[in-house]
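With the hints in hand, could you dock these two chains into one complex?
Line order of the protein sequences matches chains L and G.
The first sequence maps to residues 15 to 259 in the working numbering.
The second sequence maps to residues 148 to 484 in the working numbering.
Simulated from the structure, these hints should not be mistaken for lab results.
Accuracy of the hints is not assured; some may be wrong.
For lysine to aspartate or glutamate, the following DMTMM-like pairs were computed, each having C-alpha atoms within a straight-line distance of at most 25 angstroms [what the hints assert, rightly or not]: (1) L:Lys25 x G:Glu295; (2) L:Lys104 x G:Asp331; (3) L:Lys29 x G:Asp268; (4) L:Lys104 x G:Glu274; (5) L:Lys33 x G:Glu305; (6) G:Lys382 x G:Glu305; (7) G:Lys255 x L:Glu215; (8) G:Lys424 x G:Asp448.
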Amino acid sequence: MRLQKSWTIAKKDLKIYRKRRSLVAFTFLLPVVFAVALPLILYHVIIAKSAPPSTVVGLISWFAFFFMIISALVPLYLTSYNLVGEKVEKSLEPLLATPTSDGEIFIGKYIASFIPVIIGLWVGIFVFYSLIDVTTYKVIGYYYFPNYGSAILILIGMPLAMLYGISFGTLASSRASSVQVAYQLGAASLLPFLVLYVLGEVQVISLSSTENILIISVFLLIATVGIYFMSKAAFNREKILTLWK
Amino acid sequence: MTKIYGHNSTNSHHLYEFICPIVIRWSGKMSFAIDVQHLTKKFHSTLAVDNLTFQVGKGEVFGLLGPNGAGKTTTVRMLCCLIPPTEGSASIGGYDISSIEGSMKARKIIGLVPDNVGLYDTLSAVENLQFYGKMYEAPDQLVNNNIEKYLKMLDLWEKRNQSVGTYSKGMRQKVAVARALIHDPEILIMDEPTANLDPEASRTIRDFIIELKKENRTIMLNTHNLDEAQRICTKIGVLKTHMITVDTPGNLQRSFSGSRISIKLADINAQILQAVKALNLGNIFQDSGTLLIDLADIDKDTPVVVNAISAAGGKIKSVNEVKMSLEEAYFKLVGEE
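With the rest of the complex left out, here is chain G (with noise of 0.2 angstroms):
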């Protein structure tokens, strides 16, 4: 493949991170759920967190990708108010965990479903969910309601009684999810709520998780799992260490392909691409008789270079978007740090 026109740089998400946080923080009136800034942490000498910066829009569903060691876990930490940052702020709807009266706050607005769940065995679903509610300090009616509805919704209930040491990994990690929702909290942190489960109990979770992201909560999800950030996030953070990008897995997929689309036709020749080049819209290559063109809005800009081609007498076959996959761009992203 041969590029025949155009320049290096035209992402259009570096415009996005550069222009939204200033836009945001100028106009003062939209609220975060998760705002992060410049968030640091070093365990000694070890860079475990490097100035971290992002925020999470209410009702959105953020994912956190990054490879093992990336800091996903810390990052999570820091946020639940578990472990301090070394540098940098962070505030959980409106709260300032650096304070202790606002980590207190904060904490009372999170669910949190730890990469272990770390349920007492010994006790019942029911008795580890009770416990809970009342150090989340939820009303007993509020707990009660919320346990016959998620023990059901999780397919629990008919085994709430048992103590959760004979439950299965699954069953678990349900429990789990139960738990980070008994009080009704505005923002759910979860870290790799299906990681080594079973694909049936992945799906259930995953399935479960989608049913709270039409309630409109706030959900930060970490995952290695790109099909599930793809089909539950609304917003994706690439983290190796230190933020590689923030976007939608819409835009981060086309960050790579650059909305790109590909044209076949009968013939190219040179007033064909001639006409495409006057167009000044962006890179274009050349495979055999097939050229592809990186647009920035793609359905404005489609019409306009089909109908230059068509101009210039060429003959179209066909006409495709072509689109990079979230884990290719995933690992081109990582892959490039």
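Next comes chain L alone, as it looks inside the complex (with noise of 0.2 angstroms):
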């Protein structure tokens, strides 16, 4: 596996990322809504129901958790793009004509998707952060934010659901024909983050314990690593050429 050659395709994706607004937009603009819609909807909770400082926690470490499962979905449409755009527009073909391996290949997609996600989702989750601390200050009489929980969710929850979301579009996209169908089938990746937090709403675990975000980050590493091998399994060279017209 050498790195410089996934490095040289992640640079080459972010060159097009670059000059495709549309793709920039997508992966800056869902993080900054729900960090805006987010500490908003609470602000108006706090005002209009005067709701105690336990309720305002609660909301704050559900929707701290949303961020974890947009950091699973963002990456979707940039991996999609990432695969299918190239067989869709042809150009995997010379590439794979090159003395490159497919691992090289994933590495590089996984890149190319990866920084500007994180980037967008780290610009969302403090900005989020930032406005939840302004507008509940004055309800639970201190700054919830920063805390050891957010850190283990910027720095190991969110990156892994990020990569968790990568390896599952790239997945779908080794099976679909178009960007629309594998951003499509990547959903399917959300299932579980939604199953949690119904369960996190009632009650059955507790969404803003560490321990349990350990937990899941531990589940997501293992889900990860387990799809980027069947992505890889699936990657058919033949069939992409042959079959994808």
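If you want it as structure tokens, here you go:
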């Protein structure tokens, strides 16, 4: 595995993103929309209903978990564009003809999806944390963020959710014939998060617990590694070149 | 036209095809740039390429001719290590493409112009070429020199920084050709490089390939264009799932006209016919006042025939070589299958 090759592929893809505004907009817009909308909802809950501090804290941790979900969602589109886009534009054939392994191509695609998404999500979550602190300080009497759990979420939970989303998107891309189909197939990756969210709502598990976030992260890591190898096995050069018209 | 003398199988290329691989294999001295042995590709139950065997020597320009669906693109994809063969083997520049290590090394010395150009439309010509230079692990200096050299040769230098999505089809094809050469490959494989291009763009690409031929590069060219194949290629393979024949364009033409000469006489009599038959050269046909004679070696045998006719009292009006066009030869070959 030559990481230099992967990095060259990633740099090329990043250059393409910069020239395709819609990709950049999608990557940055969604986290920022959530970052602004969630504190606004919270603010209205506090103002309108005079909710007690414990309810506010509970809501903050649920909302923070939203960022774990969109960490898996946002890279799906980029990853789908990355691989299926190459197939559709027929640029995969000359790329596969170079002395590059499937693994090097995959890692390159992972890096290319990971970098813009993590920047977008980190920008989003810092906006979210700041707005939450501003809106909730008077109610709970202290700045909720930063805390130990938020560091775990930013540095471990979100990156792993992103990698999980990327690997799921890659797996979907190796089966799909268009970017839209790959994106729709990849959206199935969100199911476990939605189940967790519902379980959190009905108080079966606590999504504000740092230990739980770490356990979820371990599962995400295992799933990411497993799906990576599944995607590699599903990446069939012959099928791509002969069946994709 | 009446056949008045001769036997049926005088085509010299049959002997060539039989002897050549044996001599080459036994001598072990000649190394091929491309050596294909019994290459077969099946897609489920569909046989795309059947038992293909051919060799391309270093510096040769090998043309692969065949109708649509003959297996030309599949052959190119197997040789470029893009899809694995079902059976058989091939070596590119001495590297066995069936092994992972060999295929990596082979890909490094091949430049591919695929049937779909597959460029990154949002990137400029220079950005596309720089990316592939890195993917082929070529030194930056070489890549930059080649970018300038080939974009100037192909008349794209002025527009080098425009995104290729704004280019015409011909310009995109030129960038694809430059991309294939960016790492100075030993072997250039081109899959219908002039297909769907206007005559001017086709000519530019064809002239460019002729320039590359002068650099003594090994080139494999898939084409439908018989005129192109005849002008560029030193050897031609006619493919229709299996290889029908491999020969030089000249020999292919001759294989059907059998190095035939046409001798127009004032009068043809039994004495003249007897004199020609006695030479025991090949098929003899009579078409009113013209004799058509198949010769094994046209340069050596023509004076012998002329002398024999003259000695028999024949008055020769003209002597001409009868040539079948490559197109006629191709259609005959493909049609016979």
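Each hint, compared with the structure:
1. Distance restraint check for Lys25 (chain L) and Glu295 (chain G): the Cα-Cα separation of roughly 22 angstroms lies within the 25 angstroms cut-off, and the hinted pair is therefore satisfied.
2. Our distance criterion of 25 angstroms between C-alpha atoms is met by Lys104 (chain L) and Asp331 (chain G), whose separation comes to about 23 angstroms.
3. Restraint check: the Cα-Cα separation between Lys29 (chain L) and Asp268 (chain G) comes to about 12 angstroms, which is no more than 25 angstroms; the hinted pair holds.
4. Between Lys104 (chain L) and Glu274 (chain G) the CA atoms are separated by roughly 17 angstroms; this keeps the pair inside 25 angstroms, and the hint holds.
5. For the hint linking Lys33 (chain L) to Glu305 (chain G), the alpha-carbon distance of about 21 angstroms falls within 25 angstroms, and the restraint holds.
6. In summary, the hint linking Lys382 (chain G) to Glu305 (chain G) is not supported, as the alpha carbons are separated by about 36 angstroms, beyond the 25 angstroms threshold.
7. Between the alpha carbons of Lys255 (chain G) and Glu215 (chain L) the distance comes to roughly 56 angstroms, so the proposed pair goes past 25 angstroms and is violated.
8. In summary, the hint linking Lys424 (chain G) to Asp448 (chain G) is supported, as the alpha carbons are separated by about 13 angstroms, within the 25 angstroms threshold.
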